[in-house]
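The sequence shown begins at 1 in the numbering used here and counts up one residue at a time.
Derived by calculation from the structure, the hints in this document are not laboratory data. Here a beta-carbon is modelled for each residue, glycine too, at the ideal position from N, C-alpha and C. Be careful, since some hints might not be right.
[Unchecked claim] The calculated label-pair distances, taken between Cβ atoms and stated as ranges, are: (1) R125 x M56: 17 to 27 Å; (2) P29 x E99: 38 to 48 Å; (3) K84 x P57: 16 to 26 Å; (4) N75 x L47: 45 to 55 Å.
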Amino acid sequence: MMAMAVSLVFVIFMDAVFIPVSLQAWYLPFVWGPGLILGFLANRRMLQSTACFVWMPGLIWLVLGTFDQTFHRPNWASWIVAVKEGMFPVSQNGCGTTECLGVLVYTMPAVNSVAYSLGAWLALRSTRKKDNGGPA
Numbered sequence: 001m002m003a004m005a006v007s008l009v010f011v012i013f014m015d016a017v018f019i020p021v022s023l024q025a026w027y028l029p030f031v032w033g034p035g036l037i038l039g040f041l042a043n044r045r046m047l048q049s050t051a052c053f054v055w056m057p058g059l060i061w062l063v064l065g066t067f068d069q070t071f072h073r074p075n076w077a078s079w080i081v082a083v084k085e086g087m088f089p090v091s092q093n094g095c096g097t098t099e100c101l102g103v104l105v106y107t108m109p110a111v112n113s114v115a116y117s118l119g120a121w122l123a124l125r126s127t128r129k130k131d132n133g134g135p136a
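Construct the entire structure; sequences and hints are all you get.
Structure below.
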């Protein structure tokens, strides 16, 4: 949850100050980067191996979002088109009638949970190399 909040603040800051960025760009590093950094910094201090499994609730949330997009789709669209347009659009026009809320509610938290887990794994790996006398 903290990774999502940090990422949303970062996206809003980047949108207002530096780059005209939209929330539809769920795959760019400024969206998942804060989750990666937070996972690395938090787990470097706490050294919890369970932090590497934060991706699991994110994946479950993404699956629930897939079901939600499937049941709330237009009559003309197949379920795969509804999921692609609602949760994984490539451009702002790709969202269709959903206003890209699927990206904000389902995709971004899942991407951030995966990034957090990766950061936590990298932190564990870097501290283990230090403890074994290898290069960090």
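Hint-by-hint comparison with the structure:
1. R125 x M56: 17 to 27 Å: Cβ of R125 to Cβ of M56: about 19 Å, so the range 17 to 27 Å holds.
2. P29 x E99: 38 to 48 Å: violated (24 Å)
3. K84 x P57: 16 to 26 Å: holds (23 Å)
4. N75 x L47: 45 to 55 Å: Cβ of N75 to Cβ of L47: about 52 Å, so the range 45 to 55 Å holds.
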